[in-house]
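Work the whole structure out from these sequences, hints included.
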Amino acid sequence: MRYLPLSADDRAEMLRAIGAPSVEDLFVDVPEAVRAGAVFDLPDHQGEIAIERAFTAHAMKNLSPGCAPSFLGAGAYRHHGPAAVDALVQRGEFLTSYTPYQPEISQGTLQALFEFQTQVCMLTGMEVANASMYDGATACAEAALMAARVTRRKSVLVSGSVHPHYAEVTETQLRFTDVACERLAPDPVGVEDLIGRVGPDLACVIVQTPSVFGRLSDYSALAAACHAAGALLVVAVAEPVSLGALMPPGEMGADIVVVDGSSLGMPLSFGGPGVGLFATREKYLRNMPGRLVGQTVDVDGRRGWVLTLSTREQHIRREKATSNICTNSGLCALAFSIHVAMLGEAGFAKLAAVNHATAVKLAQGVATVPGVKVTTPAFFNEFAAMLPKPAAEVVEALAARGILGGVPAARLFPSYPELDNLLLLAATETNTEQDIDALVAALAEVLR
Amino acid sequence: MNDLPIPASAAPGTVTGNRGLTVEEPLIFEQGSAGNSGVDLPEPFDVPSRLGGLARKGPIGLPGLSEPQVVRHYTRLSQKNYSIDAGFYPLGSCTMKYNPRLNEKVARTPGLGDLHPMQPVSTVQGALAVVHALAGWLTELTGMAGVAMSPAAGAHGELCGVMAIRAAQEAKGDARKVILVPESAHGTNPATAALCGYAVVGIPADAEGRVDIAALAARLGPDVAGLMLTNPNTCGLFEREVREIADLVHRAGAFFYMDGANFNAIVGRVKIADLGVDAMHINLHKTFSTPHGGGGPGAGPTVLSEALAKFAPLPFVRKTGDGYELVETAAEAGPERSPFGRMKGFHGQFGVMIRALAYAMALGKDGLRQASGDAVLNANYLLARLKDTLTAPFPGPCMHEALFDDGFLKDTGVTTLDFAKALIDEGFHPMTMYFPLVVHGALLMEPTETESKQTLDLFADTVLALAAKAKAGEAEFFHAAPRLTPRRRLDETLAARKPVLRWVP
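Each protein sequence line maps, in turn, to chains A and B.
Numbering-wise, the numbering used here puts 95 at position 111 of the first sequence, and it's gapless, one number per residue.
Counting from 1 along the second sequence, just add 76 to a position and that's the residue number in the numbering used here.
Take these hints with a grain of salt, some might be off.
A few chain B residues facing chain A, derived, Cβ under 7 Å [what the hints assert, rightly or not]:
hint: 1; residue: Tyr150
hint: 2; residue: Thr268
hint: 3; residue: Gly374
hint: 4; residue: Thr405
hint: 5; residue: Leu439
FYI, nobody ran anything at the bench for these hints, they're computed from the structure.
Just so it is clear, CB atoms sit at the ideal spot from N, CA and C, and this is done for glycine as well.
What follows is the structure, given as structure tokens:
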């Protein structure tokens, strides 16, 4: 058993020191019938060769986006991860450390998270950011709870621009609290009137930009309306690369910004693990959920970092905590942060520019296919296209041709048949002109 | 034990402030040159912008670094971290076991690690098979009827279990108001119950560190929705009367949530269904060896009894005749299921699940049983080696962790914190301190099964020598510790009083 260092002799010697006849005797407090009855229909241990073979076999049953022109988005975006990022996050000192409770021997993780918090503030245009949440959807739910705490109000409005997973997680999180959650219908073209719904009982409005349909919106007027009514504006961002090209939510007047950071630094990994970014205004600091790293000095006066303001947290405040979160997504936050550091100012701006231009090129291409209409006027790297037949069928037909040709809106909104023909298409720096040509040709064929 | 003179200040007296391998490293924002980047990207297509007038106007503010500068920065930062790869990490209740490198390798298999969550289900059959296979291991190891795979961490799994309880109580037409939580519980338990709209009522421990059953029986009643009980508990003890506890809870019409944080002590030896449990989360980043990563990501799949399984959240994987389907909506779930909602974007912590499955396969049922046996043996060995010098509040045998209080430090002027900091200078990560709250100045040591006897002996020898030093009146030595770390004790009061949470130019 390659992971277990004790030998039979060690075990015997240790049992002698303990004064127990056998290991089984150490389990004396477990009811004997329970121990005796535990029979497991499971295989015995296996070596590396067999395990690698098993996972390779699983992988062969999948169509890897690395082997197919891929235009999938809908909240997860395939970017190229620089080789150095994965090499660095695999350093055992980062990979195999715990939450930095002992700051003297955790300065590496703490400094990296302090830098992460700073990057998140810069990207979102906000004043303070925490050390990460599980993902964008759970961060969105935490934002709703925080808005209710800050405003002491009991209702939350979720715009039809928001990814349904974010909306559903928020709804679920609020389901058993005294905060009501109203969700508006999906809004692919931007017709909903949010300002008209802002009232004196509302804790917050939650919007997303780019929207789940790729639409871009300026929420400055909504922010002003929220503030006039004493409510908060929560802006969700599912594609952090967009922040390199677009006006940041902080400039629009957002009070809380939540971002799913998983498209930078880490592999898509079928949607998890990812990382949630959470940023807000300094005045709301003490109502924030999650871990915070702060700067301080040691007894010799040297600059260092610690976990701070933990009196908000469950291990101190128990049932009065701002959140129940404990383990968050530290390594993914680190990966995100290293990728952003690799890009730097110039690289981040260029990455965003390449993404946008590739999506524009894609939109131009698919618009040439008879019967296809791009319905998103302004977008970043994802847009919606109306097809002459159900998008789910088209996507299956494209997959059969080895192309991952977008996400049918119906998969996200199955109870809205009017969206059945709508297809979400995304492009990133990983897409080539040949990819686009292949999709356009296949789409024309499938729709013929 | 420390005959070498050690200066009161660890300031190294070098020109750079560096000390050999320990190198000072500025913030990344204090480095680089404008315009530099560590990434070479393709040129954008020459097309008109379609940003609709919403283009960013100002700079982000990021520094520009080349690839080697970035690699050096993070390598130096990494060298300021303690890790399980580098040393003994007996952090009680955290199960800091070795994280096999095979897990990392298979998680990066092309066709698994790079899958997009919204690919057509026909193109991800292998991924769904992985989720289904791990679900099979977890339900067989626990004997439970079902498992919710999407929770992202232990506390998230608790939330899943308590939401299932609330949904089940509501389905019976009576949500009830109260969740009972023993005083020794992790803080996440009461925080989770509160998030589900429950009032939290504490149950005291008895003189032996276990739940006071009389107090529990007295508090159970028609307002109680459930009990959250960590077992083995946070004192490192198995709740001997767990089946009686389960019966009492069920008879009151309540559900039994068992916090699975300490499942590593009993995995492969006990089917928790046989204990009368209705829900339990499993920290894959503890029992199933996936790396803690400096604070996540984890995963907290939650096994559920027959009574709760139908309330499991969306999405879930279902075996069909010749493949798997991914059930993402209540309509697809069918009339026999009543999912209480959705807990996470997409389908859960797939990358963590791959690692956990690789671990389960590597150990198998024989290895898991051996692992829990060795974990318990290691903890009892530490208890045996230390109990005559340190003070153990409860008699053994313990399970996978050994608990001491600070009685042995009485009148020495040395606190549990001071003692822990002295262990850092000796090259060990300290034990968990001041938790559980039910004993004074707690020191909770969880060695795990991946430590050798030699490591345990060196640790025990060190603890005993330090205890002797404390008793010999050398309090100053402890107050000044640690001395040999990249930073010495940090001013946490200053950090909280004047929060500096980001770099500012």
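Report task. List, from low to high, the hint numbers that the structure doesn't satisfy. Result -> none
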